[in-house]
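Add chain B to chain A, keeping to what the hints say.
Residue numbers (our numbering), protein chains in the order written: chain A, -4 to 342; chain B, -4 to 342.
Please keep in mind that the hints were generated in silico from the structure rather than gathered at the bench. Model, not experiment: these values are computed from the prediction. Please note that a few of the clues may not be correct.
Any copy will do: because identical chains look the same in the list, a pair fits if it lies in one copy or spans two.
To be verified - In silico DSBU-like links for lysine-lysine, alpha-carbon gap of 30 angstroms or less:
(1) 333 / 10
(2) 168 / 247
(3) 274 / 111
(4) 220 / 247
(5) 338 / 103
(6) 274 / 333
(7) 274 / 247
(8) 168 / 333
Protein chains: 2
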Amino acid sequence: MANETRKVMAVLEGKTVTPPPIWLMRQAGRYLPEYRATRARANGFLDLCYRPDLAVEVTLQPIRRYGFDAAILFSDILVIPDALHRNVRFVEGEGPQLDPIDADGIAKLTMPDVRKSLSPVLETVRRLRNELPAETTLLGFCGAPWTIATYMIAGHGTPDQAPARLFAYQNRKAFQHLLALIAEASAEYLIAQIDEGADAIQIFDSWAGVLPDEEFRAYAIAPVKRIIDLVRAARPSAKVIAFAKGAGYNLKHYRAGTGADCIGLDWTVPLDFAAELQKDGAVQGNLDPLLMVAGGEALDGAVSRILDRLGHGPLIFNLGHGITPQADPENVTRLVEKVRAFKGGVR
Amino acid sequence: MANETRKVMAVLEGKTVTPPPIWLMRQAGRYLPEYRATRARANGFLDLCYRPDLAVEVTLQPIRRYGFDAAILFSDILVIPDALHRNVRFVEGEGPQLDPIDADGIAKLTMPDVRKSLSPVLETVRRLRNELPAETTLLGFCGAPWTIATYMIAGHGTPDQAPARLFAYQNRKAFQHLLALIAEASAEYLIAQIDEGADAIQIFDSWAGVLPDEEFRAYAIAPVKRIIDLVRAARPSAKVIAFAKGAGYNLKHYRAGTGADCIGLDWTVPLDFAAELQKDGAVQGNLDPLLMVAGGEALDGAVSRILDRLGHGPLIFNLGHGITPQADPENVTRLVEKVRAFKGGVR
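Only chain A is shown next, with the shape it has when bound in the complex:
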């Protein structure tokens, strides 16, 4: 079946689809009992990412349950530093941990053979495209270089990624080298995902929101543009969603700066600004993930406001960040029904 029947792909081409297609960031996750059951069969989180049989299963679970318009490869943004031999591990209840890197360590990094190192992930993509319904878009993804670098420098998550910000001020050249290397490896990885059957790609810059003015341009915009340029040089028709969480007003320059087809909006982006951004192309978002916990009238009201304001243009309905483990699967059902009932028409 050709791409044209995949609604998410139509929106990525700038078309308005009514009702808008919907998927949820982290839709394969701990809020689903079937996910928890599959995860229990893996030897930790990274093992789940690297075992195609299990990764395919958890990717498909939310598609079976809700019929989302897109499936996103089950994996993690830190597989790239893992391929760079940074000893990534996920400790239950503590978040990811890596060996922190310094300027000397950065100088010693060499480009990994991504297709080889991450072959289990690529195998997952290949199997997914075969198993997914024809109308379901398959999204590949990677982390943005800035966000990946913040974890590589600190060795773990921090409240405002101060270690990487400080390192970048004090070691600008080494930091730029690190971003360039991550960008190149990520582009290779995304091209391989496309070759195995990913219809489109999302780049996650979860920590874009802590960067000042010039640093946003240098560390959030430029490396993502580099990835997109490299991917498009190899696969000219590649479609990309770029999600810079917390970027605020900086989103104004993000689409033109990076070349992304669609801009992901976190839940704090006000709808008047979102509508302004939508004039230039597709947007994705941006319901507060906590409404999947709260449900009720608060959920209904917020969904209506997003549809009223953004549903008449190119929109991929999504949350403004990943769904949380506390979410009630019934609220997801309610959300999908509400979005699918949207008829568009006169405003």
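Just chain B, lined up with the frame of chain A:
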């Protein structure tokens, strides 16, 4: 000496002062050895806030060392929940802790007699106005209701204040009641600070950046407007700086919505947006506090960019968030010298 000679006050009236006045959020803090020495004499952090002799001393220390154009009362935003009997305590290395409140607890809250409960803080304000140089602006402050409420609900700080966001979705009326009560108590507190000699007021909304569209209007804008309206009804010439950290594009409506004279800008607000906001009045900010750790060329470059872009209009130079314990006092000297050397003139 009249207000007119106080540079910060001139900027709050919308005037351009060259070079711009400067002070730093958390300028009385752990980066200063003299602060650490005084703090060691107190029985914990709240005791330091409630002992006028010590609170006056730490407020004056950065003025003596750097000659900042404003002193800010040494206190904490959580003295309001403390006055509301929420058992506030500061545990070293763990941040503030309170007894978490629920809808029943909110229903039982009663307006505190702020002038009585917080009389030591007001005594500090009175003494400060007598001891400060005539040209130094004395700033009082309080926390914004949303930020105060996030701590009252969760009982401690959290990465994205999810407990308060969820509570507000599930208990909208109780939450609105809590905000209204905090706003009323805060207005009383600010009026008392003005009566004791505070020249102007800053309202800190440290957690404004986690709110979606409609909630930003309801929880960040409306309660701050309520405070400012109450303060101005009692003291018509009161000047207010409102600082909504992380508010991104929402700042566009923040000055008009709240009635604040000056908008505080965190370090992530890009300078093109800051310049747009400055067209409507004074702005304050917005150097990355980490540059007080990094120093060097990174510091010089960032200061120049802010001065070039915002120094030709009404600007109070400041950091974009509080100075950190790791800051080098020499870098603060370098910053003050650089700002004071700014000559304005043709762009």
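| task | Go through the copies and call it for residue 220 and residue 247: within, between, both or neither, with a Cα cutoff of 30 angstroms. | result | both (15 angstroms within a copy, 28 angstroms between copies)
| message | Within, between, both or neither: how does the pair residue 274, residue 111 come out at a Cα-Cα threshold of 30 angstroms? | response | The answer is neither: 41 angstroms in one copy and 55 angstroms across copies each exceed 30 angstroms.
| task | Pop the pair residue 168 and residue 333 into one bin, within, between, both or neither, using alpha-carbon distances up to 30 angstroms. | result | between (50 angstroms within a copy, 25 angstroms between copies)
| Given a CA cutoff of 30 angstroms, do residue 333 and residue 10 count as a within-copy pair, a between-copy pair, both, or neither? | Answer is within: at 21 angstroms inside a copy they meet the 30 angstroms cutoff, but 51 angstroms across does not.
| query | Between the shortest in-copy and the shortest cross-copy C-alpha distance, which are at most 30 angstroms for residue 274 and residue 247: within, between, both, or neither? | reply | both (11 angstroms within a copy, 19 angstroms between copies)
| Alpha-carbon proximity between residue 168 and residue 247, which holds within one copy, between copies, both or neither at 30 angstroms | within (27 angstroms within a copy, 35 angstroms between copies)
| request: Evaluate residue 338 and residue 103 at a C-alpha cut-off of 30 angstroms and name the case that applies: within, between, both or neither. | output: Answer is neither: 56 angstroms inside a copy and 46 angstroms across each miss the 30 angstroms cutoff.
| Homomeric proximity label, residue 274 with residue 333: Cα distance no greater than 30 angstroms | So residue 274 and residue 333 pass the 30 angstroms test inside one copy only (24 angstroms; across, 42 angstroms).
In terms of the numbered hints stated before, the structure departs from hints 3 and 5, listed from lowest to highest.
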